[in-house]
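Chain residues, written in single-letter form:
2 protein chains.
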Amino acid sequence: MPVPIETPAVLVDIEIAKRNIRTFQTYADAHGIRVRPHIKTHKLPQMAELQLDAGAVGITCQKVTEAEAMVDGSERITDVLITYNILGKPKLNRLEGLNNRIALAVVADNETVIDGLSSHFSAKDKPLRVFVECNTGADRCGVPSPAEAARLAKRINDAEGVDFAGLMTYPPIAGEAKVQAFMSEAKRLIEADGIAVPSITSGGTPSMMHAAGAPVATEYRPGTYIYNDRSLVSRGVATWDDCALTVLATVVSVPSEHRAIIDAGSKVLTADLLGLTGYGHVLGRDDIRIDQLSEEHGRLVSDGPIRLAVGEQLRIVPNHACVVTNMVDAVHIVEGDEPKAVWPIVARGHVL
Amino acid sequence: MPVPIETPAVLVDIEIAKRNIRTFQTYADAHGIRVRPHIKTHKLPQMAELQLDAGAVGITCQKVTEAEAMVDGSERITDVLITYNILGKPKLNRLEGLNNRIALAVVADNETVIDGLSSHFSAKDKPLRVFVECNTGADRCGVPSPAEAARLAKRINDAEGVDFAGLMTYPPIAGEAKVQAFMSEAKRLIEADGIAVPSITSGGTPSMMHAAGAPVATEYRPGTYIYNDRSLVSRGVATWDDCALTVLATVVSVPSEHRAIIDAGSKVLTADLLGLTGYGHVLGRDDIRIDQLSEEHGRLVSDGPIRLAVGEQLRIVPNHACVVTNMVDAVHIVEGDEPKAVWPIVARGHVL
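Which chain is which? The protein sequence lines are Z and F, in order.
Its first residue numbered 3, the first sequence is counted upward by one per residue in this note's numbering.
Its first residue numbered 3, the second sequence is counted upward by one per residue in this note's numbering.
Some clues are possibly wrong.
Identical chains blur together in the list; that is why a pair holds if it fits in one copy or across any two.
[Said to hold, decoys possible] EDC-like, lysine to aspartate or glutamate: derived pairs with alpha carbons at most 16 Å apart:
hint, residue 1, residue 2
1, Lys91, Glu8
2, Lys91, Glu314
3, Lys156, Asp117
4, Lys180, Asp141
Simulated from the structure, these hints should not be mistaken for lab results.
All chains should be built: construct the whole structure from the sequences, respecting the hints.
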């Protein structure tokens with residue numbers, strides 16, 4: 003029986019999502035790690051509430067407007083960390099509005115950002131909490147050394163309008179030893195300056211079940227774990243049965259024995275490869291590869307006969323769940339093949 | 003001077019877009035080719051009106067809801083070709099609504115789609131025009147041979163509720179000879195059946211200035227030409243000065259001498275590579291590569307010193323303009339560095 007939902011559509015099996023939430027929360031509770039999920043994966047206040055229900059201490063957002071959408075969407079979201087260097091008056095004004103409503107923190111990895119935050123918040127009643135972002139090997143943002151982390155911690159501590167909140171990193175995969183080494187040394191240097199380190203926060207779904215391997219970290223920020231995706235299955239940290247998010251698509255053309263075309267292209271599945279070959283996994287059809295996407299078409303190929311008919315529905319696990327939820331205005335909440343609700347993705351597209 | 007627009011943002015230089023429209027229209031007029039631009043690149047009724055002003059005969063859309071948004075957005079959009087196999091009652095109902103308002107056509111490459119269209123429209127007052135989609139080498143949708151095109155043309159011609167409108171293809175790059183050969187033979191076979199071939203429509207920006215190389219085609223559907231992008235510059239069919247669409251980004255971190263991070267990631271630039279290395283071109287900085295994107299961060303690297311400061315703005319030509327306009331709710335219309343207007347992208351995200 004086809005799922006009675008117009009395609010292409012993004013489906014989230016709520017029971018699988020709840021189970022995924024529980025699995026990591028149980029691990030974190032057992033190891034005394036606070037959980038602060040990154041909402042970039044779902045962008046939904048309702049999902050954040052499920053995470054809070056399970057025991058999360060708050061949420062992580064990447065952009066200021068994303069945090070606004072989440073806080074506007076649920077009265078229960080009262081503790082947000084924005085893991086981003088924030089610059090410029092318009093964003094600082096928004097940040098101030100949020101800081102007056104909830105427990106808020108941001109990160110900084112350079113003096114320009116710290117000085118901008120301090121300058122804005124020095125005249126306000128409530129200081130802004132600021133973490134120092136540390137590069138433990140992912141080579142994106144972050145100070146390069148514990149000494150530099152300590153220098154910025156002192157700068158925050160000495161500045162008006164901002165309070166030093168701790169250390170933050172997004173580590174490389176299997177980077178627990180690096181996190182432990184960097185953060186222990188940074189903490190030692192900062193405390194030697196007479197400054198307390200209230201929190202050390204790390205993240206990343208691929209290594210989350212090894213989070214306890216960096217015991218210096220007090221908090222963990224997994225994102226994708228709530229839905230999982232082909233990337234995580236390929237890493238062996240999830241199975242297809244753990245994938246809560248699927249793309250429902252319809253076969254619109256079967257032009258040859260080894261090729262079929264579906265109505266989901268890069269505007270739903272996205273071109274994210276995450277190191278994989280192909281653009282998703284067709285559930286139940288290990289023999290099929292999604293080898294090419296245009297905006298509205300996905301091309302499926304097989305070595306043997308493709309055995310698909312025009313009009314047939316398929317469910318596809320995308321390479322990367324987080325980016326897929328940014329492509330559509332709403333997700334269809336399902337249990338198995340049964341539609342239960344449609345939830346608008348209120349924090350979609352909030353890039354400011 | 004920084005552009006007074008909050009970043010990340012998608013900017014379109016309207017004068018460059020107008021010039022790009024004129025360049026192809028002039029070529030097409032000189033060769034007697036009708037122009038039917040694909041709006042997937044801009045998704046804006048205002049841009050479609052500029053294309054109609056220049057001489058376009060109508061527009062091309064990929065999905066039914068996209069066509070609805072465009073027709074709702076401009077009374078002057080009265081002729082639309084949807085180059086898609088359309089299936090299922092909800093979409094057929096929408097199609098019927100559109101068909102009652104404007105001159106509409108769709109494509110089909112298989113009997114299931116033709117029979118579905120015929121079954122729906124046979125009881126209606128106004129038949130739906132249907133092109134046969136032909137595979138001239140791009141190996142996506144399309145019938146594989148002129149004989150199969152002729153067979154489907156006859157099926158459409160014989161069916162109730164649908165009128166045969168002609169032949170459609172999206173050819174491979176530099177595929178003029180293939181288009182000419184396939185379409186000439188298909189036309190000959192169809193006309194031998196006593197059926198007229200009212201229109202033969204081809205497309206694609208990369209080869210558009212060679213469209214006259216397939217004189218059997220009477221119409222051309224370029225999309226990206228209005229904005230251009232890094233992919234087209236790399237193919238030598240446009241220069242950076244022809245790129246109307248840029249992403250405005252701010253440097254948020256300069257963690258090392260050879261690395262900087264901007265506030266635009268895959269949620270704006272997208273992960274589309276189109277065969278290129280890296281995720282865009284920083285205007286004025288040939289020495290910089292955008293070597294990695296996460297959702298909200300772009301990583302810039304250089305062999306020499308990167309010479310960027312936190313807070314600095316950059317303008318980036320993305321690999322693929324069409325997918326970028328799907329990532330934001332509005333584009334900023336500019337002339338040079340001067341903001342002129344903000345246009346909501348009304349057909350964004352319309353995947354049904």
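Evaluated hints:
1. Taking identical chains as interchangeable, the C-alpha atoms of lysine 91 and glutamate 8 lie at most 16 Å apart only when they sit on different chains, with a minimum of 10 Å there against 43 Å within one chain.
2. In this homomeric assembly, lysine 91 and glutamate 314 come within 16 Å of each other (Cα to Cα) only across copies, at 14 Å, whereas the closest approach inside a single copy is 52 Å.
3. In this assembly of identical chains, lysine 156 and aspartate 117 lie within 16 Å of each other by CA distance solely inside one copy; the values are 13 Å within and 73 Å between copies.
4. With identical chains, the CA atoms of lysine 180 and aspartate 141 are at most 16 Å apart within one copy only, with a shortest distance of 13 Å there and 47 Å across copies.
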